[in-house]
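Q: Residue numbers (the working numbering), protein chains in the order written: chain V, 271 to 455; chain H, 577 to 742.
What the hints contain is simulated information worked out from the structure, not anything from laboratory work. From a predicted model like this one, the values you see are computed outputs, not experimental measurements. You may find that some hints are simply not true.
What follows is a list of derived Cβ distance ranges for each label pair [claimed, not checked]:
(1) H/THR626 / V/THR447: 33 to 39 Å
(2) H/THR736 / V/LEU404: 55 to 61 Å
(3) V/THR413 / H/ALA620: 21 to 27 Å
(4) V/GLY321 / H/GLY703: 56 to 62 Å
(5) H/SER671 / V/THR299: 42 to 48 Å
(6) H/SER640 / V/SER319: 54 to 60 Å
(7) H/THR725 / V/SER303: 16 to 22 Å
(8) H/SER611 / V/ILE320: 41 to 47 Å
(9) H/SER654 / V/THR363: 53 to 59 Å
(10) V/THR395 / H/SER671: 42 to 48 Å
(11) H/THR626 / V/THR395: 30 to 36 Å
Rough simulated footprint, nothing fancy, chain H against chain V, three-plus residues with beta-carbon under 8 Å [unchecked claim]:
(12) 303-315
(13) 343-350
Where is the CB? At the ideal position from N, CA and C, for every residue including glycine.
Okay, here's what each chain looks like letter by letter:
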Amino acid sequence: MKQIRMPWRLATAVLLVAGLGAVSAFGQTFAASGTTTLSVNVAAEASISIGTSTTTLSSTPGLFADYTGTTNFTYKIRTTLSGGTGTVNVQITSDFACAGGPCVASPPSAGDALTYNCTVASPGTACSGPVTALTTGTTSVATFGADARSAKAGNSGSVAWTLTNDPAYKTGPYSATATFTISAT
Amino acid sequence: MFLGCVTGALGNSVTGSQTLSANIGANAKLSVLQSTVTLVHTGATFASFTGAVTVQYKVRTTPSGSSTLVVQAVSDFSPANGPSITNSDLTYTCSGATVGSACSGSQTVRTTSTTNVVTVGAGACTGSGCAGSDPNSVSISLILADSPTFKTGNYSTNLTFSISAL
Chain V
271 MKQIRMPWRL
281 ATAVLLVAGL
291 GAVSAFGQTF
301 AASGTTTLSV
311 NVAAEASISI
321 GTSTTTLSST
331 PGLFADYTGT
341 TNFTYKIRTT
351 LSGGTGTVNV
361 QITSDFACAG
371 GPCVASPPSA
381 GDALTYNCTV
391 ASPGTACSGP
401 VTALTTGTTS
411 VATFGADARS
421 AKAGNSGSVA
431 WTLTNDPAYK
441 TGPYSATATF
451 TISAT
Chain H
577 MFLGCVTGAL
587 GNSVTGSQTL
597 SANIGANAKL
607 SVLQSTVTLV
617 HTGATFASFT
627 GAVTVQYKVR
637 TTPSGSSTLV
647 VQAVSDFSPA
657 NGPSITNSDL
667 TYTCSGATVG
677 SACSGSQTVR
687 TTSTTNVVTV
697 GAGACTGSGC
707 AGSDPNSVSI
717 SLILADSPTF
727 KTGNYSTNLT
737 FSISAL
């Protein structure tokens with residue numbers, strides 16, 4: 271008799287556990303509550319938005335005063351807590367027509383140049399101007415140290431351009447493209 | 577004498593009846609499939625961190641009852657100076673509830689109170705003969721804002737999902 275009743279007791283025990291519904295067939299636990307841990311790695315990153323899509327360089331007529339204009343931008347940046355750095359650079363990626371007009375790569379006269387001065391809100395450090403813009407490489411607009419963090423909506427900056435007004439330039443409209451790049455480590 | 581007793585025992589039968597009754601009340605349980613969810617960047621710089629968690633649940637509500645599945649952050653992200661639940665940086669949306677109604681729109685996770693994930697109406701059940709799957713499930717998409725103001729580093733928090741039924 272004992273040999274017959276033992277398996278029955280075992281079967282009963284299994285049914286009771288299953289009936290509680292606490293553990294699924296896959297060993298999954300069901301309870302009134304459960305927890306999950308959220309983790310996130312916040313790394314260095316940066317972005318820039320140019321607020322002035324077209325910057326018009328203008329001069330006081332007739333005086334051969336240099337052409338000037340200002341490009342505004344907003345930057346967001348987060349650099350690494352220890353040892354991090356950041357930069358905003360600019361490069362003339364498309365030069366003026368050059369033929370008879372202003373030219374960054376090969377100015378028609380000695381002393382002709384497209385230069386700029388920088389204004390950057392903290393935590394950035396503005397360039398020490400005037401800086402001569404290049405087509406062959408980037409030049410600095412701003413730098414950032416470790417643990418630099420802008421506001422959530424970003425911080426402001428601007429580049430004030432100056433283009434030599436050389437009498438040798440033929441009259442007419444000219445345009446160039448300046449490309450801003452921001453990076454963070 | 578001995579044989580007579582044996583014969584008497586074999587020839588005797590007794591029948592009886594017993595009434596079994598059970599009060600089946602409302603009940604609900606859940607299981608969070610992911611013990612850890614890593615929130616990762618998608619898309620552009622300073623785009624939000626995202627992740628997903630699936631909660632399975634079994635529910636039984638009375639003919640006039642209901643059930644709610646809710647979530648609450650145990651505490652804010654740790655360490656400090658990173659994302660903050662207090663600052664409403666962590667939100668979520670719900671989808672695919674196999675029974676009941678998933679939360680509508682974007683919800684903000686709080687440390688001070690629970691927020692809705694699923695609401696189940698009266699007379700619901702899970703299992704054979706019930707609507708939906710067994711177990712039921714709901715998907716939660718987590719969205720964590722990425723602000724430049726956060727210091728770099730690793731941050732974590734715990735979310736607790738709870739379910740109750742009437």
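Q: None of the hints should be skipped; say for each whether it holds.
A: Now the hints, each set against the structure:
no.: 1; hint: H/THR626 / V/THR447: 33 to 39 Å; verdict: holds, 35 Å
no.: 2; hint: H/THR736 / V/LEU404: 55 to 61 Å; verdict: holds, 57 Å
no.: 3; hint: V/THR413 / H/ALA620: 21 to 27 Å; verdict: holds, 23 Å
no.: 4; hint: V/GLY321 / H/GLY703: 56 to 62 Å; verdict: holds, 60 Å
no.: 5; hint: H/SER671 / V/THR299: 42 to 48 Å; verdict: violated, 24 Å
no.: 6; hint: H/SER640 / V/SER319: 54 to 60 Å; verdict: holds, 56 Å
no.: 7; hint: H/THR725 / V/SER303: 16 to 22 Å; verdict: violated, 33 Å
no.: 8; hint: H/SER611 / V/ILE320: 41 to 47 Å; verdict: holds, 44 Å
no.: 9; hint: H/SER654 / V/THR363: 53 to 59 Å; verdict: violated, 44 Å
no.: 10; hint: V/THR395 / H/SER671: 42 to 48 Å; verdict: holds, 47 Å
no.: 11; hint: H/THR626 / V/THR395: 30 to 36 Å; verdict: holds, 34 Å
no.: 12; hint: 303-315; verdict: holds (count 13)
no.: 13; hint: 343-350; verdict: holds (count 5)
Hints 5, 7, 9, counting from the list given before, are not met by this structure.
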